[in-house]
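In order, the protein sequences belong to chains A and B.
Here the first sequence is numbered in my numbering, starting from 12 and rising by one per residue.
Here the second sequence is numbered in my numbering, starting from 439 and rising by one per residue.
Since the hints were derived computationally from the structure, they do not count as laboratory data.
Ideal placement from N, C-alpha and C gives every residue a C-beta, glycine not left out.
Check the hints yourself; a few may be wrong.
What the hints assert, rightly or not - Here's a subset of chain B near chain A, in silico, CB distances under 10 Å, partners left out: (1) Pro464; (2) Glu522; (3) His658; (4) Val662; (5) Glu690; (6) Phe726.
One-letter residues, chain by chain:
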Amino acid sequence: MSNISQASSRDTGAPLLELTDVKTHFRTRRGLVRAVDGVSLTLERGKSLGVVGESGSGKTILSRSIMGLLPTKGTERHGSIRFQGQEIGNLGRKQMRHIWGREMAMIFQDPMTSLNPLMKIGRQITEPLEIHLGMDKDNAWATAERLLQDVRIPEGARRLHQYPHELSGGMRQRVMIAIAMACGPTLLFADEPTTALDVTVQAQILDLLNDQRKERNMSLILVTHDLGVVAGHTDEIAVMYGGKLVEKAPTRVLFADMKMPYTEALMQSIPKIDDPSHTRLLAIGGRPPDLVNPPNGCRFAPRCLYARDRCLTEEPPLRATDNPEHTYACWYPVGSAEYYQAKARLAETPVAVGGLD
Amino acid sequence: MAGTGKAHLRTEDALLRVEDLVVRFPVGRTGLFVNAVSGISLDVLKGETLGLVGESGCGKSTTGRAIMQLPRPTSGSVMFEGRELTSMTGDTMREARTRMQMIFQDPISSLNPRRKVRDIVMEPLTIWKRGTVAERNARVDQVLEEVGIDPQRAAESQPHQFSGGQCQRISIARSLVLSPSLIICDEPVSALDVSVQAQVLNLLEDLKRQYGLTLIFIAHDLAVVKNISDRVAVMYLGKICEVAKSDDLYREPAHHYTNVLLNSIPVPDPEIAVQRTAIEGEIPSPVFPPAGCRFHTRCPGMQERCQNEEPQLREINTGHFVACHYPVHGGEAPVSIRTAGS
Chain A
12 MSNISQASSR
22 DTGAPLLELT
32 DVKTHFRTRR
42 GLVRAVDGVS
52 LTLERGKSLG
62 VVGESGSGKT
72 ILSRSIMGLL
82 PTKGTERHGS
92 IRFQGQEIGN
102 LGRKQMRHIW
112 GREMAMIFQD
122 PMTSLNPLMK
132 IGRQITEPLE
142 IHLGMDKDNA
152 WATAERLLQD
162 VRIPEGARRL
172 HQYPHELSGG
182 MRQRVMIAIA
192 MACGPTLLFA
202 DEPTTALDVT
212 VQAQILDLLN
222 DQRKERNMSL
232 ILVTHDLGVV
242 AGHTDEIAVM
252 YGGKLVEKAP
262 TRVLFADMKM
272 PYTEALMQSI
282 PKIDDPSHTR
292 LLAIGGRPPD
302 LVNPPNGCRF
312 APRCLYARDR
322 CLTEEPPLRA
332 TDNPEHTYAC
342 WYPVGSAEYY
352 QAKARLAETP
362 VAVGGLD
Chain B
439 MAGTGKAHLR
449 TEDALLRVED
459 LVVRFPVGRT
469 GLFVNAVSGI
479 SLDVLKGETL
489 GLVGESGCGK
499 STTGRAIMQL
509 PRPTSGSVMF
519 EGRELTSMTG
529 DTMREARTRM
539 QMIFQDPISS
549 LNPRRKVRDI
559 VMEPLTIWKR
569 GTVAERNARV
579 DQVLEEVGID
589 PQRAAESQPH
599 QFSGGQCQRI
609 SIARSLVLSP
619 SLIICDEPVS
629 ALDVSVQAQV
639 LNLLEDLKRQ
649 YGLTLIFIAH
659 DLAVVKNISD
669 RVAVMYLGKI
679 CEVAKSDDLY
689 REPAHHYTNV
699 LLNSIPVPDP
709 EIAVQRTAIE
719 GEIPSPVFPP
729 AGCRFHTRCP
739 GMQERCQNEE
749 PQLREINTGH
759 FVACHYPVHG
769 GEAPVSIRTA
779 GS
């Protein structure tokens, strides 16, 4: 434990977070659920990474695996998770406690259920300050008031004495952010932080997260299903599908030049505010793979309009484009000769594009 | 915003015409009321899709339910197919409800988990004893095919054996089986993944064309509402702010609230600089709604008049109505006689 806190205080030059072939499998009655199946990525200090995927893509389990927030019973974990140059993948709960709060913190989707309804806001913010940072009570309460100011909650002193039910959804999410930031973590996870919120409040919260990240030189992992949310608020994006990382690139590069047909399909299936009303949506046919018996080859192949025989048998590795920061896993990426051939073929024989699941 | 008024109602025969709808719920025994819907009027022509959009607490779902008389509105009139629903009782009411159906947000919990999917879809026909048994079977098969569910599988399976998207298709099949003329969809795609959401939206468009359906589509997602609606009404705190054809509304929002909403949407394009109309705070309590325009407490264009005088819906362009004294475009509202006189 002591060497962990030392590691955090020195700058090793290593990336803040380095995942190598991380696998998280759950033993269930139906069989082994391969929720996360071999994810490798790195995250630099101060950067924000958006992890995008549909339900069941493994995005939430990945962030919980990194934080060590999974049940030990029935869970199989493989691969290496290095945080500030230190392997943390094999640490137990007791050792992780020294990392939680001070080094990593998490904001959950539902601010209604992730706060303790029986405890005043103030107590919930000061608790980590007293436990992790050893602050005395007065100091902790003063810090808590400052934190509420940081997350732009007016009348902080009064709010500290309120219970969660006295606050609106947006205010509760701000309190969650204040708690997460209380001990000055170097890495903040936000798992669908705005999904339960209204669109005007969502904009406020996303801006707040970004401002705080810059101010504190924190790294942020923003987990969401909404490409719109990550587009304006992250440096890099990782797209997950069926427990695998299928594409990763700096945000601007990804949107300008997506390689993976899944990323493209995901983009096209979203209704755009600038399209005229009644624009036909390009839905993705079928549904996400069963993670107990994932398909052979590329996991997206059964739903992919451009899939060929090879995609059904041979799994594509992650490889880089000309830009080493842009990696994707596809045999016939968007823009390849085969992609255009398949597209031309589809145009000739109008099949039911975007069939049913 | 927060306007009342009926300027936007059309003279043609509307399939549904709601006037001065008010829904209030008592707050315990305090004598206070939650003003969920405060005097809204709207109409829907046959074959039209009306989108109701707004943030949580704006009264959009309550409006949908009040149209179904579930529960009955506190006051106001709901004319559906030429008949007044608010005064109907007993069997006439039940009969009228077969002509309008509802689809809910959570597809899994709105289906009975213990029953076979086919029986769920069949039930309305059985209750109303429509046709012979053979005809009912044929009808159920037909509707299930149309929404893309295998009738054979539906006969053997329960809702939990289907995915969320499929369950929503089943809900749609159930709502269609009695051939209603109006379907009220309350956040039907909010719980679905984006890829599946597109499938369900396309399906609703297809069915609407095929059956000549009229839809009221309630959702908080402005892009989804624009995609499916012909006409959109923006609601805030129990009032209508703006009504227009969807393309007009999104191209030239006149109400400051609509403007703020549109600017708050995260656009999936990092090149689009975030041009944000800053809006502070959150929706006020519907127990104590602000006087005057209900949006004035958060409005970037607020002036003194907005605090006392409630704006009325008025036409600023053909078919484009706004309830705002000082809209983004369209000019200042004339001072009403009553206020000028007092």
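Need the list of violated hint numbers for this structure, in ascending order.
1, 2, 5, 6
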